[in-house]
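Trainee: Taken in sequence, the protein lines are chains A, B and C. Residues 1 to 72 in the working numbering are what the first sequence lists, from first letter to last. Residues 1 to 341 in the working numbering are what the second sequence lists, from first letter to last. Residues 1 to 211 in the working numbering are what the third sequence lists, from first letter to last.
I should point out that these hints are in silico values taken from the structure, not numbers from a laboratory. Because the structure is a prediction, the values reported are computed rather than measured. The C-beta atom is built at its ideal place from N, Cα and C for all residues, glycine as well. Among the clues, some could well be false.
[Stated by the list, open to error] Restricting the straight-line Cα-Cα distance to at most 35 Å, the calculated cross-link-like pairs of lysine-lysine (DSBU-like) are:
#, chain 1, residue 1, chain 2, residue 2
1, C, K148, C, K159
2, C, K138, C, K148
3, B, K123, A, K5
4, C, K137, C, K148
5, B, K226, A, K5
6, C, K116, C, K148
7, C, K137, C, K159
8, C, K159, A, K63
9, B, K226, B, K136
10, A, K5, B, K212
11, C, K159, C, K84
12, C, K138, C, K84
13, B, K136, A, K5
14, C, K116, C, K24
15, B, K123, B, K212
16, C, K116, C, K137
17, C, K138, A, K63
18, C, K159, C, K24
19, B, K316, B, K127
20, A, K5, C, K116
21, A, K5, B, K127
22, C, K159, C, K116
23, A, K63, C, K84
24, C, K137, A, K63
25, C, K138, C, K24
26, C, K24, A, K63
[Stated by the list, open to error] Partial list, derived from the structure: chain A residues whose beta carbon lies under 10 Å from chain B:
#, residue
27, V7
28, C11
29, V32
30, A36
[Claimed, not checked] If we take Cβ atoms under 8 Å as the criterion, some of the chain B residues that face chain A in the derived model are:
#, residue
31, T117
32, L121
33, T178
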Amino acid sequence: MCNRKIVALFCGLTGLLLTACTEKPQTYTPGVSTAASDPPPYATPPFAGNRSAWEAAVSTRMKGQNEYVRVQ
Amino acid sequence: MSRLIACWMRRVGRCTAALLVPLLMVTAAYGAEVGSYRGGRIDPQAPAVMVVPQGHNAAAFYDGVRRSLYAPGVTSIQTPEANVLIQSEGNTWRQIRNGPITVWGGWLILAVMVAITLFYLVKGTIKLHEPTTGRKLLRFTVYERLVHWVVAISFVLLALTGLSLLFGKHLIEPIFGTSVNAALLWVAKNVHNYTGPLFGFFLVLMIVRWAKDNLFTSVDWLWAKKFGGLLSGEEIPSGRFNFGEKFWFWVGVTVLGLTITVTGLILDFPLFGQTRQDMQLAHIFHASAALFMIAMAFGHIYIGTIGSEGSLEGMKTGYVDEAWAKQHHAVWYQEITGRRQ
Amino acid sequence: MARMKFVCDAERCINCNGCVTACKNEHEVPWGIQRRRVVTLNEGQPGEKSISVACMHCSDAPCMAVCPTNCFYRTEEGLVLHDKDKCIGCGYCFYACPFGAPQFPNGASAFAARGKMDKCTFCAGGPGENGSEEELKKYGRNRLAEGKLPLCAEMCSTKALIAGDAEVLSDIMRERVLRRGYGAELWGWRVAYGDGKQAQRGQRVHAPEKP
Chain A
1 MCNRKIVALF CGLTGLLLTA CTEKPQTYTP GVSTAASDPP PYATPPFAGN
51 RSAWEAAVST RMKGQNEYVR VQ
Chain B
1 MSRLIACWMR RVGRCTAALL VPLLMVTAAY GAEVGSYRGG RIDPQAPAVM
51 VVPQGHNAAA FYDGVRRSLY APGVTSIQTP EANVLIQSEG NTWRQIRNGP
101 ITVWGGWLIL AVMVAITLFY LVKGTIKLHE PTTGRKLLRF TVYERLVHWV
151 VAISFVLLAL TGLSLLFGKH LIEPIFGTSV NAALLWVAKN VHNYTGPLFG
201 FFLVLMIVRW AKDNLFTSVD WLWAKKFGGL LSGEEIPSGR FNFGEKFWFW
251 VGVTVLGLTI TVTGLILDFP LFGQTRQDMQ LAHIFHASAA LFMIAMAFGH
301 IYIGTIGSEG SLEGMKTGYV DEAWAKQHHA VWYQEITGRR Q
Chain C
1 MARMKFVCDA ERCINCNGCV TACKNEHEVP WGIQRRRVVT LNEGQPGEKS
51 ISVACMHCSD APCMAVCPTN CFYRTEEGLV LHDKDKCIGC GYCFYACPFG
101 APQFPNGASA FAARGKMDKC TFCAGGPGEN GSEEELKKYG RNRLAEGKLP
151 LCAEMCSTKA LIAGDAEVLS DIMRERVLRR GYGAELWGWR VAYGDGKQAQ
201 RGQRVHAPEK P
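Using the sequences and the hints, build the whole thing.
Mentor: If you want it as structure tokens, here you go:
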């Protein structure tokens with residue numbers, strides 16, 4: 001019969017299955033995005049790519065959550 | 001609900017202890033961890049309320065909440081289990097699924113494929129010893145063949161889609177990319193969910209139909225002892241079904257098949273108040289049993305097709321040649337023809 | 001670079017559900033889905049605590065680990081977002097999540113089939129152009145791209161729920177604890193981001209998956 005083909009098929013599938021041992025670590029690396037097609041928040045207007053402006057804007061808001069600072 | 005399931009699962013575990021030892025070891029290892037948490041449920045032993053002293057840090061209290069030691073909270077959100085602040089079982093389930101089930105399951109399938117390929121290369125097809133006579137014996141009725149092929153085709157579909165849901169991330173995605181993998185898996189999930197109940201229904205019909213002929217008899221002892229002569233090449237007499245087929249019928253089809261069906265239905269119809277813990281347990285048993293069944297099915301498919309000359313004919317046409325019957329199922333041949341060999 | 005987190009100060013939360021309502025309104029979340037919820041523990045007892053909970057954007061996110069299609073991704077700010085075009089509605093993320101964040105709208109389909117998963121985005125939308133109509137429809141408003149923080153935190157009346165960079169949040173909480181003398185718990189942080197220094201660096205929380 002078509003012994004060769006069957007053996008080749010099995011070997012192929014076996015090889016494919018071996019790639020199942022590729023569990024990748026997915027921990028967060030600061031500052032690295034794994035997005036395929038998501039622009040960073042500072043990419044679009046009103047910041048239009050100005051990262052430091054965006055960081056300053058967000059930082060102001062973050063610190064504004066501390067009302068102890070506000071009453072001083 | 002989950003108590004019932006747990007009790008039922010224990011029963012299944014006992015029945016198939018021999019085959020499921022590795023599975024049970026895995027579950028036992030993590031079972032202790034799963035068992036120590038009671039997501040969404042009140043532990044009758046634990047205090048329903050733990051008073052948090054004002055003016056102190058309540059680290060112990062929050063640790064208790066995390067481990068679901070206390071009664072769940074109160075919330076105005078009406079979705080199921082919304083009152084459970086945190087459930088730690090989820091990450092245990094994740095470690096079982098991404099760990100043993102994926103890794104050991106993958107190796108199991110791989111090992112079986114390699115073993116069968118090697119066996120085929122060394123031993124080759126089991127040929128008929130005598131030339132075919134042309135006289136045919138009815139082996140499977142139309143009803144039996146219909147039920148078998150519905151189960152078989154749906155099984156292959158379910159196995160392929162199920163395996164792709166487990167391994168697609170590792171096999172399909174690296175080659176074809178996330179979008180192709182996602183599109184394929186969307187199809188796979190729907191095929192799996194709709195084919196599942198059909199498989200379960202016909203599986204039960206098949207078990208009912210063939211249970212009687214699969215009862216063990218004294219003839220089977222010899223077959224089991226000599227492993228069907230698979231290695232020695234001699235032919236061991238057997239009834240309508242030999243010991244190998246009976247083993248596959250009871251362990252593979254009945255125990256594993258029904259485990260997969262019941263847990264599959266729990267997963268497929270999340271309409272009856274199943275908690276996340278119920279789903280996690282159902283998934284662990286579903287995936288483990290399915291991987292074992294797929295591994296066993298390789299053997300069944302092999303011996304039913306290229307492994308043994310003339311076997312497929314019986315399930316295809318319903319009739320087998322007298323020479324085949326005499327060689328493989330001597331007792332059965334004698335029973336239906338009244339002739340001695 | 002900011003590592004965005006949420007923290008809910010259980011000493012301050014008064015269970016007003018303002019965050020829940022704000023979120024639902026801001027993102028026009030589908031019927032039957034609450035991206036954020038408030039759970040009260042020990043209700044009516046001394047020491048009653050309320051905590052507002054949503055996706056915590058874990059460092060080693062279980063949802064991400066079990067997703068068969070890898071539809072999750074992580075942004076530079078450490079947010080765990082997902083691509084609804086790749087979601088197949090299998091429900092695995094829902095089983096795995098410690099916080100009950102992923103939810104599924106019930107489609108009109110048979111067998112109670114799940115629709116596309118929906119969860120808190122930290123008001124950062126999803127894939128695609130920031131602030132686009134499509135992003136708004138699928139994921140809600142992208143406030144982060146407008147230089148704003150999640151609305152739930154920004155309009156919290158007692159400032160129990162605060163959002164932003166982990167270090168800023170820690171500073172705010174430290175100051176509070178110093179002033180009131182108790183209630184130092186950063187609720188959920190251990191589960192979401194691990195212990196101590198690990199949490200600061202945003203490293204793996206749970207033991208690595210055993211083979």
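Trainee: Now look at each hint and say whether the structure bears it out.
Mentor: Here's how the hints hold up against the structure:
| no. | hint | verdict |
| --- | --- | --- |
| 1 | C:K148 - C:K159 | holds, 16 Å |
| 2 | C:K138 - C:K148 | holds, 19 Å |
| 3 | B:K123 - A:K5 | holds, 17 Å |
| 4 | C:K137 - C:K148 | holds, 19 Å |
| 5 | B:K226 - A:K5 | holds, 32 Å |
| 6 | C:K116 - C:K148 | holds, 26 Å |
| 7 | C:K137 - C:K159 | holds, 29 Å |
| 8 | C:K159 - A:K63 | holds, 12 Å |
| 9 | B:K226 - B:K136 | holds, 28 Å |
| 10 | A:K5 - B:K212 | violated, 39 Å |
| 11 | C:K159 - C:K84 | holds, 32 Å |
| 12 | C:K138 - C:K84 | holds, 7 Å |
| 13 | B:K136 - A:K5 | holds, 32 Å |
| 14 | C:K116 - C:K24 | holds, 17 Å |
| 15 | B:K123 - B:K212 | holds, 32 Å |
| 16 | C:K116 - C:K137 | holds, 13 Å |
| 17 | C:K138 - A:K63 | holds, 30 Å |
| 18 | C:K159 - C:K24 | holds, 19 Å |
| 19 | B:K316 - B:K127 | holds, 18 Å |
| 20 | A:K5 - C:K116 | violated, 42 Å |
| 21 | A:K5 - B:K127 | holds, 20 Å |
| 22 | C:K159 - C:K116 | holds, 32 Å |
| 23 | A:K63 - C:K84 | holds, 33 Å |
| 24 | C:K137 - A:K63 | holds, 30 Å |
| 25 | C:K138 - C:K24 | holds, 13 Å |
| 26 | C:K24 - A:K63 | holds, 25 Å |
| 27 | V7 | holds, 6 Å |
| 28 | C11 | holds, 8 Å |
| 29 | V32 | violated, 18 Å |
| 30 | A36 | holds, 7 Å |
| 31 | T117 | holds, 4 Å |
| 32 | L121 | holds, 7 Å |
| 33 | T178 | holds, 7 Å |
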